[in-house]
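Colleague: Residue numbers (our numbering), protein chains in the order written: chain R, 45 to 267; chain A, 2 to 198.
Since the hints were made in silico from the structure, they are not lab data. The beta carbon of each residue, even a glycine, is placed where N, CA and C say it ideally should be. Hints may be right or wrong, so weigh each one.
The calculated label-pair distances, taken between Cβ atoms and stated as ranges, are [unchecked claim]: (1) R:82 x A:20: 37 to 47 Å; (2) R:198 x A:195: 32 to 42 Å; (3) R:249 x A:63: 54 to 64 Å; (4) R:138 x A:149: 56 to 66 Å; (5) A:23 x R:243: 36 to 46 Å.
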Amino acid sequence: MERTLQPITTGTSVLGVKFDGGVVIAADTLGSYGSLARFRQCQRLMKVNDNIILGAGGDYADYQFLTSVIERKVIDEECLGDGFNLKPKSLYSWLTRVLYNRRSRFDPLWSTYVVGGLQDDDVFLGYVDKLGTAFEAPTIATGYGAYIAQPLLRDHWEKNKGKQTVEEARNLILSCLRILFYRDARSLDKYQIATVTKDGVTIEGPLVLDTSWDIADVIRGYE
Amino acid sequence: MAVEFDGGVVIGADSRTTTGAYIANRVTDKLTRITDHIYCCRSGSAADTQAIADIVAYQLSFYEMELEEPPSVKTAASVFREFCYSYRDSLTAGIICAGWDKRDGGQVYCIPLGGMLVRQPFTIGGSGSTYVYGFVDANYKPDFDKEACVNFVSNTLALAMSRDGSSGGVIRLGIITKDGIERRVIKGKEVPRFFEG
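Bound conformation, chain R alone (with noise of 0.2 Å):
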């Protein structure tokens, strides 16, 4: 029996927050192979269509593998010629649904995904994982971001009672980001952030984070 026993080159956090009148996702660009940082220029991101974008941690063969099956779906709708678009809430069904499929056949496809867009001037952000579990939140974070980041987010979001201009959205991405380069032993200090707005989709990166480490000079030994 054929079955996906471990995740081999993985990616770490993916975080996601909403803002007025959009939706903004970022991830770091590596691809870890165990404690290796293997891969440092891994693009995790991926813009689907004009209304969705897509990020993922967790094994990165397998990202690639249902990327690759989203950009057909893409070209087939285009071929149609029907004016229909791959809606957000669509691809999150359907997402959630290939991925509890294998989940039942224990070959999960073992990566975790973050789906943000805009759908009829409404914005949309849902997270599906290995399980199948899937859900929407107006604040989303995977891997070591879900300890680390998500409180950050979450105190954020409910301070401004959710509505957030897309530069306080993208400032507060940055500074979970800072923290998690900081304290996640499998990340980057290179990331892509990517802005779903009803103008459009725009990825920037790969950018480089500001770090400070000014606190390392009044550490001296351990007592």
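Start from chain R and add chain A according to the hints.
Modeller: Coordinates of chain A only, in the frame set by chain R:
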């Protein structure tokens, strides 16, 4: 890692301590004082190496009082070995003992996991070292002066930190000569950068 030169040694380490993939301390000081002229680089279990270093420093301070002269680097390394060999099945400690003494100048002693002791012109240790064996073998020269040693150590550590997930943070250096230790920290944009693809 540690490198001998004529007149002393240069020791260096990264500053990351991890519990699995969580970075428990990103600004650790892994260069630990045994005496004013003898330091050790700690790798493996932080608890084990701290306990050993504390005991060795304590024993050597007694030794110094009794003999009324500073202990030799060889003696310090020997005390480390005694401990690490006797308790080899209970410890995970990779230690580099390096420093300067009047008799033999700068010396580097390597005490890896099983508790052997060997003196080397330079040595590397820790999880990140596996990625830089090729680099150090290709770039080491026996006639390095102090600054050449500093560059060699900085470049080696930077490469290891950039590939090993369990290594990172800042580069801590120590230059030990007859005048004691000169400590340096290389952080942020000053850390050497190489191919980043």
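Colleague: For every hint, state whether the structure bears it out.
Modeller: Taking the hints in turn, this is what the structure says about them:
1. Checked against the given bound of 37 to 47 Å, the beta carbons of residue 82 of chain R and residue 20 of chain A, roughly 22 Å apart, lie outside it.
2. For the hinted restraint 32 to 42 Å between residue 198 of chain R and residue 195 of chain A, the CB-CB distance of approximately 39 Å keeps it satisfied.
3. Taking 54 to 64 Å as the suggested C-beta distance range, the pair residue 249 of chain R and residue 63 of chain A conforms, at roughly 58 Å.
4. The hint said 56 to 66 Å for the Cβ distance between residue 138 of chain R and residue 149 of chain A, and at roughly 60 Å that hint holds.
5. Distance hint check: the CB atoms of residue 23 of chain A and residue 243 of chain R are about 39 Å apart, consistent with the given range 36 to 46 Å.
Of the numbered hints listed earlier, the single one contradicted by the structure is hint 1.
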